[in-house]
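Dock chain A against chain Y, hints included.
Listed below, chain by chain, are the residues.
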Amino acid sequence: MKILAIETSCEHASVALLADECVRQRTLEGQGAHSERLLGEIRALLAEGGMKLRGLDAIAFGSGPGAFTGLRLACAVAQGLALGSGLGVAPVCSLAALAEQGEGEWLLAATDARMGEVYGAAYRRTENALVEVAAPHCVPPEALELPVAGGPWRVLGSALRAYPALIERFAPKLAGWDADAVPRAAQVALLARHQVRAGRLLPAELAAPLYVRDKVALTTAERLARGGRA
Amino acid sequence: MKVLGIESSCDETGVALYDSARGLLGHRVHSQIDLHAAYGGVVPELASRDHIRRLPLLVRETLAEAGCALSEIDALAYTAGPGLAGALLVGAGAAEALALALDVPALPIHHLEGHLLSPLLAADAPDFPFVALLVSGGHTQLMRVTGVGEYELLGESLDDAAGEAFDKTAKLLGLGYPGGPQLAALAATGSAGRFRLPRPMLNSGDLDFSFSGLKTAVLNVVSAPGWQAADAADLAADFQQAVVEVLVRKALAALRSTGLQRLVVAGGVGANRELRAQLDRAAARRGWRVYYPEAELCTDNGAMIAFAGALRLAAGAGGSREGRIAIRPRWPLAELMRP
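Which chain is which? The protein sequence lines are Y and A, in order.
Position one of the first sequence corresponds to residue 1 (my numbering), numbered consecutively onward.
Position one of the second sequence corresponds to residue 1001 (my numbering), numbered consecutively onward.
With the rest of the complex left out, here is chain Y:
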């Protein structure tokens, strides 16, 4: 199975190429400008693996949640590549990709959502899959909870760096934690295998980011109701 994966949901972007059991990954560290280098890295990755787009089984991308602009960059590039090569798209939740990096059975991925909130999602690793226990959600850090059932938990993600108090609060049910882990394209590719096997790939026009945070502006009526101006 051959899958190209793109993950740009945070400032640590990466692309990966899965060919059978082997994953090659290239990271794009540094400030901004992921967009300028992203396609060049993809081309280099394909050349390294001696592969052409049309020879792949799917284009996968980290759909989020994360930085809105980054989610759209990955999605737009996945759409364009899929359209042009006739391939299907596999959106993979960026929090699942993050959790996939952790060891153990019970995993919580939690990232800094800015604006005083965090994105969180919980998973249980079974023999051959990562099963969602709590769907991706966006809450203030003090409202982020470990699911009642299961544990001890391994927690991964930037939310721990932004809100270290979470570690203390979770301590009794914690198997371990990693505040430096970020979603990576390698795990996006690995998780996308399930969608390829199940034949659940999307046409480009149905590939969409998973924003989770959906209220991004107030309507005129809402502004007026809050005593603001039209």
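In short, the hints are calculated from the structure, not lab data.
Errors might be hidden in some of the hints.
[What the hints assert, rightly or not] List of simulated lysine-lysine pairs, DSBU-like, C-alpha gap at most 30 Å:
{"#": "1", "chain 1": "A", "residue 1": "Lys1002", "chain 2": "Y", "residue 2": "Lys52"}
{"#": "2", "chain 1": "A", "residue 1": "Lys1215", "chain 2": "A", "residue 2": "Lys1171"}
{"#": "3", "chain 1": "Y", "residue 1": "Lys215", "chain 2": "A", "residue 2": "Lys1171"}
{"#": "4", "chain 1": "Y", "residue 1": "Lys2", "chain 2": "Y", "residue 2": "Lys52"}
Frame of chain Y; chain A shown alone:
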């Protein structure tokens, strides 16, 4: 040479296929007006979200209309700026990725170049050189155009764009969003001459514009005691007349100062009927001619981007296969290079 054009700089998603031998083969625009109406203006994040939702389907529909397969495309052209950063990134990302997958070159296009070349898509197209009056919600500029990529800025608005003044004034009068066309429709039912509104910079001696004072003058009228909503149509007519008078006077001055005899009008406000009528009359008196894009190409669209890309390719621009997704939300037209 078949060029697929993609436009996503603001609140319209446009895709078109232009063939240098056969003309415009397919053309689709999705307007986000309804999406932003409840917010009273364009919300950039919502605009970006809508672009990415619409774009791939618009590409498929455009190709179906053109009866053309993706594999027949020779190049991609996309709006790289100016515009909303998040919105531009959607079009640029998809276009560069599609170009890479198809192994064809991609051309980043300046949005305003698309607008000012769009009258050349009409059946009765002007030859170079000409003066271009670009009037939209984001821009009010006069340019001397001597060829593709040869644009000299003669004057521009120092504050609000003409279309912006229309929209803001419409809001003052309690009209819906987007206000410009509604204000023009209201003006058509009133008569000008009752309200004394300023003609900003009419005699400034240069080719620059200023429209924010006009909006303030309207605000003063509607906040004065004795203002009656029944007078709105007449006030709208006076407002429109003030804007049109300044645009016409400066456009004629630009023709005089450059010695050119052809005026090209582009951008959303170029669809305003009063502006067209007065420009046509004034130009005809002097034996000059005014050219407009087809009505459906006045607003943002992919056709003008595909067309600008095709003209650049024909003029020797090779496009790029590097796959650099580079947008320029602020991009002065004067920095644009010749192909």
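Is the Cα-Cα distance between A:Lys1215 and A:Lys1171 30 Å or less? Status holds; Cα separation ~10 Å.
Checking one constraint from the list: CA of Y:Lys215 to CA of A:Lys1171, max 30 Å. Satisfied? It holds: about 24 Å lies between the C-alpha atoms, which stays within 30 Å.
With the threshold set at 30 Å, check whether the alpha-carbon distance from Y:Lys2 to Y:Lys52 stays at or below it. This hinted pair holds, its Cα atoms lying about 10 Å apart.
Could you grab the alpha-carbon distance between A:Lys1002 and Y:Lys52 and see if it respects the 30 Å cut-off? Holds - the C-alpha atoms of Y:Lys52 and A:Lys1002 are around 24 Å apart, at most 30 Å.
Violated hints for the displayed structure: none, as all numbered hints are satisfied.
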